[in-house]
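Visitor: Residues per chain, in single letters:
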Amino acid sequence: MAGSWSRTFGIAKDSLREILSSKVNLFFMSFGLIVGICAMVSIYSLGKGAEITVYRILENLNFGSNAFLILAGGGKFFGPAATRMDRFKMEDEEAIERFDFVVEVSPVQLGFLSVASPKNAVNTRVLGVLPVYSRINNWGVWEGRFINHEDVRLKRKVCVLGYDTAKNLLGDDPIGKRVRINGVLFEVVGVLEKKGVIGRFHLDERVLIPLSTARDRIFNRDWLNAAKVLLKSNVDFKRAERAIRNLLRKRHNLLRNEPDDFRIITPDQVMEFLTKATRTLTALLLSISLITLVVSGVIIMNIMYAIVEEKKKIIALRKAYGATNRDILFHYTFMTAVVAFLGGTIGSSIGNAIVAVVSSYTPIDGYYSVAFSVLCVLVAVIASVLFGTAPAKEAAKLPPAEILR
Amino acid sequence: MVKIVEMRGVKKVYRTKAGEVEVLRGIDFEVNQGDFIAIMGPSGEGKSTLMNILGCLDRPTDGSYLFEGVDVTSLSDRELSRLRNRKIGFVFQQFHLIPWATALENVLLPMIYREGVRKEHVERAKELLERLGLGHRLAFKPSELSGGQQQRVAIARALIGRPSLLLADEPTGNLDASSSKEVMRVFQELNDSGVTIVMTTHDPETASFASKVKVIRNGRFVE
Ligand SMILES: Nc1ncnc2c1ncn2[C@@H]1O[C@H](COP(=O)(O)OP(=O)(O)OP(=O)(O)O)[C@@H](O)[C@H]1O
Ligand SMILES: [Mg+2]
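Chains A and B are the protein sequences, given in the same order.
Position 364 of the first sequence, counting from 1, maps to 364 under my numbering, and the rest follow consecutively.
Position 94 of the second sequence, counting from 1, maps to 1094 under my numbering, and the rest follow consecutively.
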């Protein structure tokens, strides 16, 4: 670098003292990098975290490779319904079940209702379901029994509580006790197995009642919110999806150019959504990092020019006392590297802190990558050093005679 | 007698947009070990220009310059850096101390470029500052020192590397009368202990401390 190690060390120390002596320069030089690296680290980590969250949700909903979901109302995957929802009827579900490639279908009516015991009251998701719900979602009872065919046939006012809701409303011994759902008394016959919190879904808070009871006594409507369809394992997925789509479009009397008034969510679609989201995120990340690096680089270059201009006499002094061109080049290159390292490290720390805060207040999983943070700092240092080369060279070629002008 | 500087016919021409300025027109100059020479002359006559060349901060346009017998006009920039570091000490009118460094650190600056600061350098720097009456100001920043004190720090810095030649361009130009005298007494003591000094000055009183006075006029020494 610049001769012996102890000489290099001396120059590095002098350089460090110089930049630390001007906190204003230090601040403005590192500010762009702090913001940019912070954005890069947090966007990358939150993107990764969101991806992990979605995968976990899908996995937990037992979204196997031969099942898919039909949602009432058209529109985009993962958004709210964009068309009216009341067209997806029980009869549609029965028609789907008649396809020979379909094993079974689990229809669901859904609402957010008050559920109360003498002890406590909560607002939570109430689902009208059939006995098949348990099998198709791979979700059994922890205590008591699940809703059975008799319950459905007789429109019994019985319910199965999610684990947390059971604890919350009735404590340790809920079976046989009664709760009011939307004011109607129900007998608790079972408690679901604990599943935990998956993203923003608190799975253990839901309450299940027979679909027939839900339709006629609670929601008083005949349309479904969703149905999960299980296919035979040897069928062509695409063809099955097309057949069901055509069936529903025909049953809903949709015109050729009218959009679907339902959504079929397949594992393929989920994957496609994820890859698209990841790709968009990567593109965003790339453009942000590029803009940031260029902007911070230009800022650093300009401040370095100003520093060199301001320190002309001191640079000439160092040269008068034996500093070579290379010594001065190293002096100012080291300075930009230190600033970039500081800015990058602070930026990635703040970025990771933002991830910690966001992930604790939202369903997004916290994701931290030391490798990515280190990479960001490294890129910041390299870019800054490149941008700082021109002013450092200018300093290096300053004539020592400048000292006596 | 040991010759330190031997200049023959040194010329310096500055090329500017406005044209060429011939500042030195043939300087013959010798400095022997133990000399204490004052260079005088009106403003703009080329005293600083000559100091630049003497200190190997700049190259003459023409003429020869031997420093301790070595032809410095043939040396590379790198070799000149090395020569300045080992052989020459500088004192400036504006002191030129590094503002964020302490007095001690300022004195040690040349040692960075002599393959790093070592323990014996620190000891010597302290000794020098003590000898110059600044033993109690080692950790002071330049802004916390008076002009005379700053110039004494600069003198210590010039001496830390045991140079063959001490060059001072108007060392008292920024000092009041009493500080000037103080600094000149230091120079005289140094010269008495064997340090070779060349300085420029406008002030006859300052010049009176030197053992020889040379005057520049029209780019030449007047005899
Ligand atoms: N780098 C330069 N480029 C062009 N002209 C210069 C340069 N340095 C000095 N000069 C010119 O050379 C002449 C001598 O300048 P110099 O600084 O050597 O004078 P000086 O005798 O030291 O004056 P003073 O007593 O005011 O310090 C001046 O006319 C000045 O304008
Ligand atoms: Mg001058």
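The set of hints was computed from the structure by calculation and includes no laboratory data.
There's no promise every hint is true.
[As the list claims (entries may be wrong)] Computed list of lysine to aspartate or glutamate pairs in DMTMM-like fashion (alpha-carbon distance at most 25 Å, straight line): (1) A:13 - B:1035; (2) A:276 - A:260; (3) A:311 - B:1144.
[Claimed, not checked] Restraint ranges, calculated between C-beta atoms of paired labels, are given here: (4) A:28 - B:1014: 46 to 56 Å; (5) B:1194 - A:325: 28 to 38 Å; (6) A:325 - B:1014: 20 to 30 Å.
Just so we're clear, the structure is a prediction, and the values are computed from it rather than from any experiment.
Every residue gets a Cβ at the ideal spot worked out from N, C-alpha and C, and that includes glycine.
Visitor: Would you mind marking each hint as holding or not holding in the structure?
Guide: Here is what the structure says about each hint:
{"no.": "1", "hint": "A:13 - B:1035", "result": "violated, 37 Å"}
{"no.": "2", "hint": "A:276 - A:260", "result": "holds, 22 Å"}
{"no.": "3", "hint": "A:311 - B:1144", "result": "holds, 20 Å"}
{"no.": "4", "hint": "A:28 - B:1014: 46 to 56 Å", "result": "violated, 37 Å"}
{"no.": "5", "hint": "B:1194 - A:325: 28 to 38 Å", "result": "holds, 33 Å"}
{"no.": "6", "hint": "A:325 - B:1014: 20 to 30 Å", "result": "holds, 22 Å"}
When each numbered hint is compared with the structure, violations occur for hints 1, 4.
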